[in-house]
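> Sequence:
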Amino acid sequence: MKKYDLFISYAEDDRAWVEGYLLDALQSAEVRCHSRATFELGKPILTAFEDAIKQSSRCLLIVSPAYFADDYNQFVESLAQHYGLETDAWLVIPFILKSVELPSRLGMLNKLDATDDKSRETVIQELCKKLKKPLPVMAPKPDCPYPGLEPFTESKYFFGRTEKITNLLDKLQIHRLITIIGPSGSGKSSLVFAGLVAGLDATWCVHKMRPADFNIGEPIDKRQLFIIDQFEELFYLSDERKADFHLDFLALLEARNCSLIITVRDDFYSNLLGLPYWDKIENHCIENVLPLTPDGLREAIEEPAKQVGVYIEDALVERLVNDAALEPGFLPLVQQTLVLLWQRLGRRFLSLSDYETIIYQENSLLKGLPAAIALYADGVLVGLDRSQMVIAKRVFLRLIQFGEGRPDTRRQQLYSNLVGNDADDTIEYLASNRLLTLSGKDEKRVDIAHEALINSWPSLQNWIKDRCNSELVRRRLEAKVKNWEILERKGGFLDTVELREVENWLSSFDAKELGYSGEFLELVDKSREIIDTIEREKETVQKRELEQAQTIAEEQRKRAEALEMAEAERKERQKEKEIRQQQELEHAYVIAKEQRKRAEAVETAEKERKKGQKEREISEEQRCKRELEHMRILIEDQYYYRR
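Sequence positions in the sequence shown follow this note's numbering and run 2 to 644.
Honestly, I wouldn't trust all of these hints.
As the list claims (entries may be wrong) - Ranges of calculated distance between the beta carbons of each label pair, as one might list FRET restraints:
1. K55 with S100: 27 to 33 Å
2. E579 with T552: 38 to 44 Å
3. R345 with L415: 47 to 53 Å
4. E548 with E486: 38 to 44 Å
5. Q126 with L415: 33 to 39 Å
6. E523 with T552: 39 to 45 Å
7. E31 with D214: 16 to 22 Å
8. K119 with S433: 39 to 45 Å
It is worth saying that the hints were derived from the structure and are not from the lab. Where a beta carbon is used, it is the ideal one built from N, C-alpha and C, also for glycine.
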């Protein structure tokens with residue numbers, strides 16, 4: 002009796018399918034199988050092949066294009082056929098795994114055609130019948146080792162960062178503060194929780210937290226490591242919470258026996274520069290986490306599956322690596338895709354053909370990695386009724402930090418701020434299906450499982466597109482409620498414009514979709530009451546002012562009439578005065594005219610007088626001259642006579 006029922010010869014490229022699918026099926030049918038993987042170590046390879054064929058009843062050739070590129074397979078084929086001739090038995094069974102043109106030496110044999118994925122189980126059943134074995138049974142599916150959208154927490158499934166983990170453990174012995182910075186989806190949280198923490202010895206006491214629930218706690222004798230994950234959430238806290246955080250953070254930096262690790266997205270690097278302790282962060286260790294290299298990603302894909310005895314087709318691994326290289330934050334997408342593929346797990350084998358069937362919608366551009374996460378998320382929503390779907394939209398929108406120039410990000414919220422109106426059941430359902438995460442001890446907090454959902458889920462992107470502006474309005478209005486409560490409901494009321502805006506919003510469909518708090522309605526009612534009171538008081542004041550204005554106007558009218566009459570009298574007197582003045586002016590003109598005439602007469606008389614006087618003066622002068630001349634002549638005559 003032969004030791005084995007089958008010796009299976011295959012190419013290395015087909016190894017994953019053979020060991021993960023074929024052997025799983027055959028072994029469940031009690032078929033004793035032998036292959037190169039089970040060869041005795043140290044034995045010459047050709048001898049091992051010959052012994053395997055002699056010890057096996059049949060030789061199964063897994064035929065594919067890769068099969069004919071392997072010289073050992075051709076040797077096995079020839080050896081098996083030769084041995085079959087010697088024993089007068091047909092030992093060789095070609096099992097056609099992938100379409101290929103068979104050489105004549107194999108084409109003449111009875112073949113098993115398994116080129117159609119859907120028919121392979123039937124073909125294997127036919128093989129078992131030929132071997133007179135029971136039909137294969139399906140073993141329970143192993144637990145999925147991939148965390149999907151969540152960070153890795155178990156070190157036994159975390160691969161691809163060995164060198165980085167060792168480096169961080171070494172640096173933790175030197176630096177009391179390590180800042181791990183990298184893009185979203187690069188695996189910062191997994192690196193810390195499933196890598197670094199798993200490598201710590203028992204002398205460490207580890208505290209895991211987020212900025213919103215940062216708490217120093219009580220002193221412990223052990224070395225303490227505080228891990229503040231998603232440090233960027235600090236920048237969305239209120240100024241008061243930030244101030245408290247800064248004080249506690251600085252206190253830890255000064256405390257003995259304490260170390261800190263913070264993880265932060267690289268697009269918040271500029272925000273780090275503005276922290277009051279940036280100099281301390283800068284002077285310690287800043288570790289950049291880049292996306293996994295192709296080799297690291299291959300390891301992260303293959304090794305977790307191996308841990309649970311599952312094989313992944315090499316072609317699928319390469320397709321995932323190639324597709325992931327085009328996606329930002331690809332790691333959570335790959336993990337979620339593997340979770341989805343795990344649901345299609347055929348025995349212990351994941352194939353490329355399964356991956357190629359992942360399409361978000363018919364004729365959709367969303368395929369492969371993004372399609373996997375969108376399909377999963379949509380599948381979770383199918384379990385919600387109509388009212389729960391409204392709540393789910395509301396919850397997701399409240400957990401979005403709208404980018405305003407940056408990509409949208411997660412916005413962690415208190416559980417108590419989201420529950421009510423049966424929201425707690427919806428949140429628990431979404432969390433149990435890993436679309437949301439719950440954290441915190443004293444106060445439970447809710448968060449979107451990963452930002453990959455924001456970037457790669459069309460349903461959520463459509464909700465954001467349709468409701469972003471309305472949600473921002475709701476948040477602004479709810480902020481006024483908080484301010485009102487901070488002021489002990491004695492101030493911070495809505496003004497007329499704000500109240501009109503709120504009433505319009507409350508009457509919209511958006512308000513029904515997004516919801517609002519009871520305190521919000523209280524603020525609206527109280528603000529309306531105050532505005533109505535102010536309006537009534539204003540109307541009373543306006544009425545009183547109107548009456549006063551009317552009284553004043555009447556008095557002013559009377560005064561105006563009196564002034565008008567006085568002005569008329571004044572004008573009359575002025576007119577009379579002007580008439581008198583005109584008459585006086587005319588009289589003065591007449592007088593002036595008479596005076597002018599008299600003056601002219603006087604002037605004429607004066608001129609006549611002066612003329613007569615002048616004539617007299619001339620006449621007198623001439624007379625004097627004559628008299629003088631006469632006297633001169635007399636004198637001359639007298640002189641002459643004397644002589």
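> Out of the numbered hints, which ones does the structure contradict?
Those not satisfied are hints 3, 5, 7 and 8.
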